[in-house]
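Student: All chains, full assembly: derive it from the sequences and hints.
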Amino acid sequence: MDFKKITRNPLFYVLLIGVFLIVGFSLISSLGGAKQISTQEGLELLSGDTVTEVVNTDGDQRVDMKLSKEYEGASDVQFYYVSARADEVVTAINEANPKDGFNDAVPRATWFDGFISLLLPILLLGLLFWFLLSSAQGGGSKVMQFGKSRAKLVTKEMPQVTFQDVAGSDEAIEELEEIKDFLKDPSKFQAVGARIPKGVLLYGPPGTGKTLLARAVAGEAGVPFYSISGSDFVEMFVGVGASRVRDLFNNAKENAPAIIFIDEIDAVGRHRGAGMGGGHDEREQTLNQMLVEMDGFDPKANVIVIAATNRPDILDPALLRPGRFDRQIGVDAPDLKGRTKILEVHGRGKPLADGVDLEVVARKTPGFTGADLANVLNEAALLTARSNAQLIDNRALDEAIDRVIAGPQRRTRVMKDKEKLITAYHEGGHALAAAAMNHTDPVTKVTILPRGKALGYTMVLPLDDKYSVTRNELQDQLTYAMGGRVAEEIVFHDPTTGASNDIEKATNIARKMVTEYGMTGDIGPVKLGQSSGEVFMGRDMGHGREFSERVAERVDVQVRDLIEQAHNEAYEVINANRAVLDKLALELLEKETLDHLELAEIFKDVKRLPPRPQWLSSEQRPVSELPPVEVPQRRDEAGLAASVEADELPAAEKATKRRPTGQARPATA
1 MDFKKITRNP
11 LFYVLLIGVF
21 LIVGFSLISS
31 LGGAKQISTQ
41 EGLELLSGDT
51 VTEVVNTDGD
61 QRVDMKLSKE
71 YEGASDVQFY
81 YVSARADEVV
91 TAINEANPKD
101 GFNDAVPRAT
111 WFDGFISLLL
121 PILLLGLLFW
131 FLLSSAQGGG
141 SKVMQFGKSR
151 AKLVTKEMPQ
161 VTFQDVAGSD
171 EAIEELEEIK
181 DFLKDPSKFQ
191 AVGARIPKGV
201 LLYGPPGTGK
211 TLLARAVAGE
221 AGVPFYSISG
231 SDFVEMFVGV
241 GASRVRDLFN
251 NAKENAPAII
261 FIDEIDAVGR
271 HRGAGMGGGH
281 DEREQTLNQM
291 LVEMDGFDPK
301 ANVIVIAATN
311 RPDILDPALL
321 RPGRFDRQIG
331 VDAPDLKGRT
341 KILEVHGRGK
351 PLADGVDLEV
361 VARKTPGFTG
371 ADLANVLNEA
381 ALLTARSNAQ
391 LIDNRALDEA
401 IDRVIAGPQR
411 RTRVMKDKEK
421 LITAYHEGGH
431 ALAAAAMNHT
441 DPVTKVTILP
451 RGKALGYTMV
461 LPLDDKYSVT
471 RNELQDQLTY
481 AMGGRVAEEI
491 VFHDPTTGAS
501 NDIEKATNIA
511 RKMVTEYGMT
521 GDIGPVKLGQ
531 SSGEVFMGRD
541 MGHGREFSER
551 VAERVDVQVR
561 DLIEQAHNEA
571 YEVINANRAV
581 LDKLALELLE
591 KETLDHLELA
601 EIFKDVKRLP
611 PRPQWLSSEQ
621 RPVSELPPVE
631 VPQRRDEAGL
641 AASVEADELP
651 AAEKATKRRP
661 TGQARPATA
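Residue 332 in this note's numbering sits at position 332 of the sequence shown; the count goes up by one each step and never skips.
Note that these hints are calculated values from the structure, not bench results.
One or more hints might be untrue.
[Stated by the list, open to error] With beta-carbon atoms standing in for the labels, derived distance ranges:
| no. | residue 1 | residue 2 | range |
| --- | --- | --- | --- |
| 1 | Arg-386 | Thr-162 | 46 to 54 Å |
| 2 | Val-345 | Val-414 | 39 to 47 Å |
| 3 | Val-631 | Arg-246 | 56 to 64 Å |
| 4 | Arg-246 | Ala-191 | 27 to 35 Å |
| 5 | Gln-328 | Asp-185 | 23 to 31 Å |
| 6 | Pro-610 | Asp-556 | 23 to 31 Å |
| 7 | Ala-191 | Asn-438 | 54 to 62 Å |
| 8 | Pro-317 | Thr-593 | 44 to 52 Å |
| 9 | Phe-189 | Gln-328 | 15 to 23 Å |
| 10 | Pro-408 | Arg-246 | 44 to 52 Å |
| 11 | Pro-322 | Leu-382 | 41 to 49 Å |
| 12 | Ala-191 | Thr-211 | 32 to 40 Å |
Glycine included, every Cβ here is placed at the ideal spot set by N, Cα and C.
Tutor: Dropping the structure here:
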């Protein structure tokens, strides 16, 4: 509720003055000017000789007395009595026999008292109802304007965000710049018969900059820009959402050319029939009105709708068809080049030390979104200020990355020596399994310092961006995930609960290999299940499983076989390199954290697992022996590969030997 708007309304002060006047008159009339005393004091005065006149008011159980001699500074006093003492009071009055006599009075309400008793409840109820409406609809002069749009109009006075402030989404910027050009100069497009797109949908994971792109369009377009959240359309009153949609589009058409931005459109644009309210659901009415407005407003009005969501899979198909959202632009996590540009944008105004290379930081942050990268630089700045330093150095950036990935360090968590030893072997098992496999990414960091919920973690990062994963790489990930559990079994013969997260990750990978990727011979290349995305109750609750119990049992067997194979491979690797594991555990107990250079020194004598046999999806389909065509290697890739093999990069650049495959895979202890 906006109290400033309420207090600016004259009606508020009229009601307030009326309430005060009524309460004041009531108090004055009730007091009557007489001093009130206790019942016992009144009876004592009646037994004396100072009372000259008495009036006993029936019903009120009140006695008013006039005194010939002041009592506590008052000559007129009154007292009240309870029904049980009525006889005693009457007897005392009769025995007192005042000089001027005594009388009985019957209370009669005056016209003013009746008016007050009737008006006061009406005023209070009116004031309460007015406050309720004000809190529900924003107060002020718009008490009854339920259906008015709550969109915010972006003006030139507001801080402007331009495309120069957006990085890592070059394709999305290019598409949106074309929208801006169309609004500024539509004649160039209309000359060749081009039609203005009615809608642009930005979709992607949270934190990738969808809302920031819309704000940049508002700063660049130079036309009225209406911004609203999808949840603002729906209220508790039926029909309010549809009315607000109509009002929003009417305002945009009156000020065309204009842009409407709807953030989190999945709040109102989800599948119809997905909720529990049937065809009369308020969200469905709002969506129906939005569909009509997007497909029905004048094509010459030059009004464009931009919407953002991170759940495009639950949007209604009618909303996504051409003619409504003509363009659907994916805004994914940035690649290495995009991460570098994003870090440069967020690094403006921050004092970076001379040795800081933002490309190195970008290589350390695979799978990070723009929001994650902004958080990394902000955490680094906070750590720098906390240590009273003047420049943000590499140490602060590394600590900030660890905080974003695994949470802040738990300095207050003190582990016993035995638990610390178990954690050292557990994380050492992960690192050793990853280093001994043939298709894993480099191990860049191992620590036994508790962070978040983890007692320690192992960081395995790729060298460059990858967009697909092979079967051997997935099997190596399974082996790497089981390494910690196997190390506990081999060394202590008593595994702990610390491997629960590793087992969960391994099970998820193995199940996807069977049901989605078609990487087992028994099931084959068959997609089992509806979707690999998140569950949406309204859509998925009516869908049953599309495969039989027999197939489900075979899936479970294949998942178990993949994990069992990884378990055996981890056993083979760790047994063959037990001396390396012991050395790694001792180093971790001494230093607590090992970087990629220290790990490379420890792993230089690791015995690698022999390559797996060539996998055939079926013995009836033998694989061809012909190799793929040779593609000339780019000069920069060849140079990097040679330097990595020779280990000749300077120390500052060796940290760049990481590559993101979606995200870092820290193994929780």
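Student: Now look at each hint and say whether the structure bears it out.
Tutor: To see whether the hints hold, each was checked on the structure:
Checked against the hint of 46 to 54 Å, the C-beta distance between Arg-386 and Thr-162 comes to roughly 33 Å, which is inconsistent with it. Look at Val-345 against Val-414: about 41 Å separates their beta carbons, and that is inside 39 to 47 Å. Between Val-631 and Arg-246 the CB atoms are about 57 Å apart, so this pair conforms to the stated range of 56 to 64 Å. A beta carbon spacing of about 33 Å between Arg-246 and Ala-191 agrees with the range 27 to 35 Å that was offered as a hint.
For the pair Gln-328 and Asp-185, the beta carbons lie near 25 Å from each other, so the given range of 23 to 31 Å is met. In this structure the hint that Pro-610 and Asp-556 lie 23 to 31 Å apart at CB holds, the actual value being about 29 Å. Our hint of 54 to 62 Å for Ala-191 and Asn-438 holds, since their Cβ atoms are close to 59 Å apart. Between Pro-317 and Thr-593 the beta carbon distance is about 51 Å. The supplied range of 44 to 52 Å therefore holds.
For the pair Phe-189 and Gln-328, the beta carbons lie near 20 Å from each other, so the given range of 15 to 23 Å is met. Distance hint for Pro-408 and Arg-246: a CB-CB separation of about 49 Å, consistent with the stated range 44 to 52 Å. Here the CB-CB span from Pro-322 to Leu-382 is close to 47 Å, well matched to the stated 41 to 49 Å. In this structure the supplied range 32 to 40 Å holds for Ala-191 paired with Thr-211, their Cβ-Cβ distance being about 34 Å.
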